[in-house]
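Let's have the full structure, built from the sequences with the hints guiding it.
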Amino acid sequence: MNVGHRQPDSFRYKFPADRVWQGVYYSATGPVTIDVFERYLQNEQQMDVHVESAIGVRSGEPALSSRTPANPSRIDGRRLRSERTKQLIMEAFLALLRESATMPTAAQIAERAGYSVRSIFERFPDLNALRVATVDYSLAQSAALAPPRHVGGDRQTRIKSQVETRAGTCERGVALWRVFLHTVDESEELKLRLRVARQRTIDRLEIMYRPELATLGEVERKYLLIALEALTDMESWARMREMYGMSFEEGCAVWIRAIDRMLPATPTET
Amino acid sequence: MIKDSTPGPVRIDGRRLRSERTRQLIIEAHLALASEESPVLPTAAKVAERAGYSVRSVFERFPDLHSLQIAAADYAISQVVAMAAPRDVGGDRAGRIKSHVSTRARASERWLPLWRSLVANQGGSEELKARVRAMRERVLSLMEHMYAPELSTLSDTARKHTLVALEAIVDVESWARMREHFGLSADEACAAWAQAIDRLLPPTPPE
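Order-wise, the sequence lines are chains A and B.
In this text, residue positions in the first sequence follow the numbering used here: the first is 1, and each later residue adds one.
In this text, residue positions in the second sequence follow the numbering used here: the first is 1001, and each later residue adds one.
Hints are computed from structural coordinates only; laboratory data are not their basis.
Ideal Cβ placement from N, Cα and C applies to all residues, glycine included.
Some hints could be false.
Claimed, not checked - Chain B is faced by these chain A residues, among others (derived, beta-carbon under 7 angstroms):
(1) A129
(2) H182
(3) T183
(4) V184
(5) A230
(6) L231
(7) C252
(8) V254
(9) R257
(10) A258
(11) R261
(12) M262
Below you can see the structure in the form of structure tokens.
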């Protein structure tokens, strides 16, 4: 079910069925290839994505830089370096946001990334373009690193899985999210991405709690999804951590308890 | 000799009264502009123009724009508090939820731009951060009052967790998303909140 505005199809979080997708990450020690096996069932409501990595990738590590076809025949070294520079600039931007929660200047970003200001503007026409690219980068990161897991599990397993995944996304993304919200009115591109991000959260909730949501009428289901989205909003997470001084685990416990109370009874399988 | 203790006529200091009135008009001009241009803060020149005074008059009453911002926040908060006083506290569960939701919805609808401006412009100001925190704590304390029968059935931890979850659901930005992003009418948005609160609260204990 869709709630509210629908973004253009080009921005839908969509994976072709049974496609193997290979991405390249750049960790501190160099490029890391990660195979992402995506199984996306045709009805869009049974997405089950598994991320597997030959080399351990922790959730805090740098994210996906670009989508490349599986088994590329040639590697263009210059392009790879340029992509790497782009990614390092975005990583520097994100690191500065996490530290100060204000929009850094081009000079600050360049200094942190270890490049010249000119290098930034060779790759991004202006700071808004960098902001938009960084939002895309973060959306790709959360899609790849936080796929829905345990979709077929029991109620408690699904709640725990969804909450921990969402909490990890919030923990990593809140600094960018705040700048994003603060500047969203300045750019139609950012507005579009805001809608994508919110819709993705709704889609995820719908996938994870399908058995329970299926027992509700359309309006009740819509209202519940909206309330669950509000509950698990980035700022809701940030308040638990910053204002109420909760640990990661305690924040998860708040969400788990609330979701369990708000969801209707799980229907028995026939 | 016995001194006559009968109070004389109260003297009104007209100059002071005019000065207070000017101050108030400057605060109201600041709030009107902050609301219209949220989250961008108005300049002193714009505030002065809107209030009908000179920039000098603004700075005679407020040492800087930050002081004006704090005074404006205090004035707005006092209005929200007056508007959102708890009602129907002794009512049944459905009545209390309805009353709480409609009060919170009215406040959210009216104060959204100013709230956004306040949150976005806290910056490094400890005074503004304290006011944001006080507003959130007030929301928690109001809900604690409204849902005392249900919350009394929970352990300390469960009660705290439930209140934190309720606060997230009835946040001003949650209201804004329902209205702006999900396109709900005010009545629909109230229904969404009422349903969520009813689901989240434990059963009401028998009296």
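Against the structure, the hints:
no.: 1; hint: A129; result: violated, 22 angstroms
no.: 2; hint: H182; result: holds, 6 angstroms
no.: 3; hint: T183; result: violated, 10 angstroms
no.: 4; hint: V184; result: violated, 11 angstroms
no.: 5; hint: A230; result: holds, 4 angstroms
no.: 6; hint: L231; result: holds, 5 angstroms
no.: 7; hint: C252; result: violated, 11 angstroms
no.: 8; hint: V254; result: holds, 4 angstroms
no.: 9; hint: R257; result: holds, 5 angstroms
no.: 10; hint: A258; result: holds, 4 angstroms
no.: 11; hint: R261; result: holds, 5 angstroms
no.: 12; hint: M262; result: holds, 4 angstroms
Hints 1, 3, 4, 7, counting from the list given before, are not met by this structure.
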